[in-house]
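Q: So you can see what is in the structure, the chains are spelled out below.
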Amino acid sequence: MNVRAVGVVVLAASLGAADVAMAQSTTIAAALARQPPATEEPQPAPAPSAPDDAPEPAVVRWRPLPSVRIGSHLRLDVHFRLQFDARDSEAPLEEDEDDTRLDVARRRLGVEGVAFRIVEFEIERELTGDDAWRDVFVNVRANRRAEIQAGHFRLPFSIDQDIGATNRDFTSRSLIARQLAPGRDPGVMVHGRPVRPIEYEVGVFSRDGRNARTRNETKVTGGRTVAWRVVAQPWRSRKHGLEDLEFGVARTHSDVPLGLPALRGETVLESVFFDSDTPVLGARQRTGLQMRWRPGPFSMMSEYIRVTTRRDGQEIEGGDLSPLRAHGWYLSGTWAVTGERKARGLSSPRRPVFRGGPGAIELAARIERITFGSTGTSEAPSTGPRAEVVLPNGDRAATLGVNWYLNRYVKVQANVVRERLDDPLRGPLPSQPSFWSRVLLLQFTL
Amino acid sequence: MSAIMSSRPPLLAAIVAVVVALTAHPAVAQSGDAIFVQDGLPDLRLFVHSTDLEQLRDNYQENTYYPADLEFRGVRLRNVGIRSRGSGSRSATKLGLRVDMNRYTKGQEFLGQKSLILDNLWQDPTNVREVLTMKLFARVGLPAPREVFARVFINDAYEGLYAVVEDIDEQFAGRALGDERGTLFEYNWLEPWYGTSRGDDLEPYEALFEAQTNDTDPKGTLYAPLRDLFTASEESGESWRARVEPLLDLRELLACVAVEAFVSELDGVLGYAGVNNFYMFRPSDSLRHVVVPWDKDNAFFDVTSSVWQRTQENVIVEHALSFPDLRESYLDSLTQVVDSAAGEDDWLTNELEAMLALVDEASRQDQHKVYPEEERAAAVEQLRAFVAGRAGRVRAEIAAARAESH
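Protein sequence lines correspond, in order, to chains F and P.
Residue numbering for the first sequence is 337 to 782, as defined by the working numbering.
Residue numbering for the second sequence is 121 to 526, as defined by the working numbering.
Treat each hint with caution, since some may be false.
Stated by the list, open to error - Incomplete in silico selection of chain F near chain P, CB under 7 Å:
{"hint": "1", "residue": "Ile652"}
{"hint": "2", "residue": "Glu715"}
{"hint": "3", "residue": "Ala716"}
{"hint": "4", "residue": "Ser718"}
Unchecked claim - Computed list of chain F residues with no C-beta within reach of chain P, every gap over 10 Å:
{"hint": "5", "residue": "Arg546"}
{"hint": "6", "residue": "Arg661"}
{"hint": "7", "residue": "Leu778"}
{"hint": "8", "residue": "Phe780"}
Hints in this document: simulated from the structure, not taken from any laboratory.
Note that the coordinates shown come from a computational prediction; the quantities given were computed from them, not determined experimentally.
Using N, Cα and C, we set each Cβ at its ideal position, and we do this for glycine too.
With the rest of the complex left out, here is chain F (with noise of 0.2 Å):
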């Protein structure tokens, strides 16, 4: 058993007239867009305009959250998140030396907020960690058909990927969001929504995400990369059923120089069971399909993604050799018994448990596919670096969970895992290609 605390600290200023109707425009990256809204209650109305030569007056707020305004052009909210995790497997834990261990992996401190209306911005940041910044971007939404966003910041690729810690239906992300998806990285990226039932988010890149590079730094990741991805709701301005149906497709492009790719297969609690030494060069190409269908209290969402990266010139006489090849799916789908709605968020349950109420229960279930090898069928399958079919190794998991949310402020999560891989031999667990693992986690928000 392995337990583990993540203390969070969220800052939130608000230059302006911010508030939640922008963030549920097409605006600050699809992270915030995506992300069902943190609470059901009336948001708080905007500050009246003092005289144009009167001082704003200064107020602080504590419900729904802690909260300072200077008027109409600040506002400072307050989050503090802290998480603790215990996991146990069947398997062993890459950090698995005291089965008890309390530790506080990470801690993240961040600030967000809107300035004169069109301008956004966050700055999110891990306090340890080699890799601390997480999104630091501006977004000006000038013009909603075209909106800029400049900084660091999720490529835009997965609906899963970019889903928020504090929302997810799963202790941890899908296989593929979490291992195929591109993650962060510098860029510039223009987006918008042309007509109401489509958005569209295009940019350029310095590097391919942070989801593709590992702390060993002689693997070879993507280059400038070229993102894009595009989501239809066809219903959306309909009052029915359909009305949250969503599907999206997304690609993403880069050069990869000549090296050991650091791509690699992970099974749910983070054990390598593929890890390929065979040199790539050439281009890196991801293709994304997404769906996700929110009515009432059920949920549904599932991705596929394939990621190729060529092999130029890495044959043993110097030809090319089939690109790797890893790719997978999930399903997964909720139920909030509880009755909320999920589109608008379990995170403040209509009945809380300190009221009176047994707080928001969702069950949550998904099943999952990930599969590393080449493209290549032409001989024998081979772990030889230089092998026209690198020997494939795959990962096939059903998770099924309960989320609990006791009120506004707890959230406990369970869920079981169920893994088995193709060959368990490069797996964690040689002896036997099925195993069961467990994840508790218990996240106090404030």
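Given the structure of chain F, go ahead and fit chain P onto it with the hints provided.
A: Just chain P now, with coordinates in the frame of chain F:
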């Protein structure tokens, strides 16, 4: 184009190649026999990515594997693993190589072999000592690796004349010793050692004898019998023999020593710097080890050397020869070796001349060999003189020893 590049394989090799190519998938086990038939001088080609080849030569002192394609006897095998090998013979100029067929592809074999050794003949100016000696071992009925000469090309560039050597592994144990489940230990030369006790701990024996098969067995299972064998040297007489004979086939050991003595092996069981260049084999149903010879590039060293040379340095051989029946066994083995080598058919001379003729052109074309042509020619003449004169000298020593015994 050079003569080597343009020469054609002999008819028999071509027929073998065609039959093999038509009848089976390259990766399917055939038989090691197809490899170790010296029908002409075949070409063995390795294809290695230029980057890997550069790294292999730069880091030839390391045992790092690199992927390659192997083409031999008309069969091409993909994704084999090659690495630099050897101790004194390691070279970046003329790579000594180990080829593992199943390094990257599970179960893959090449004409029935899981691995091959490409001996670069680095330390032998004549190029034939190794192969000639191993043939003599086999001729007298002792377990020895099969070997053939071949021209080795790497990425179509002539690397040089090599001996393709059967690896000492479970396949060898099955073929030569009839027991592929037995345990093979490779002797690691660390310092001059003459078979004396290294104490009761297992670690010193583990350092000297590296298990090549059954290497996941418990350390006690692997090394306690070897410890017991060598700690017996602290005893003497019948007590020593009673302890050692269940652990070592002394007659087989003396037969190996007899061959090495006949060919005046400088660096073998009775090497100039202690024991060297051999494997120990432990049968699966017994603890009675046998010795398997290895690496005879330094044979045919001195035609005048005595068959008793250094027999008193090695404690096991010294102990064994103190028993009249074992001494007689040694003399019998020597006689058998002489008769096999220089009997009526004058096998050794004929074999030598055939080999020299076979490799002569390839040797001359070998631009990576250490010794220039003049030194090769001189060494060949010295070898011819050795072969011509050795049998008489050994026979005289055998006769003298028997006379002394009586």
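Q: Each hint should be assessed against the structure and marked as holding or not.
A: Hints versus structure:
no. : hint   : result
1   : Ile652 : holds, 5 Å
2   : Glu715 : holds, 6 Å
3   : Ala716 : holds, 6 Å
4   : Ser718 : holds, 4 Å
5   : Arg546 : holds, 28 Å
6   : Arg661 : holds, 18 Å
7   : Leu778 : holds, 43 Å
8   : Phe780 : holds, 49 Å
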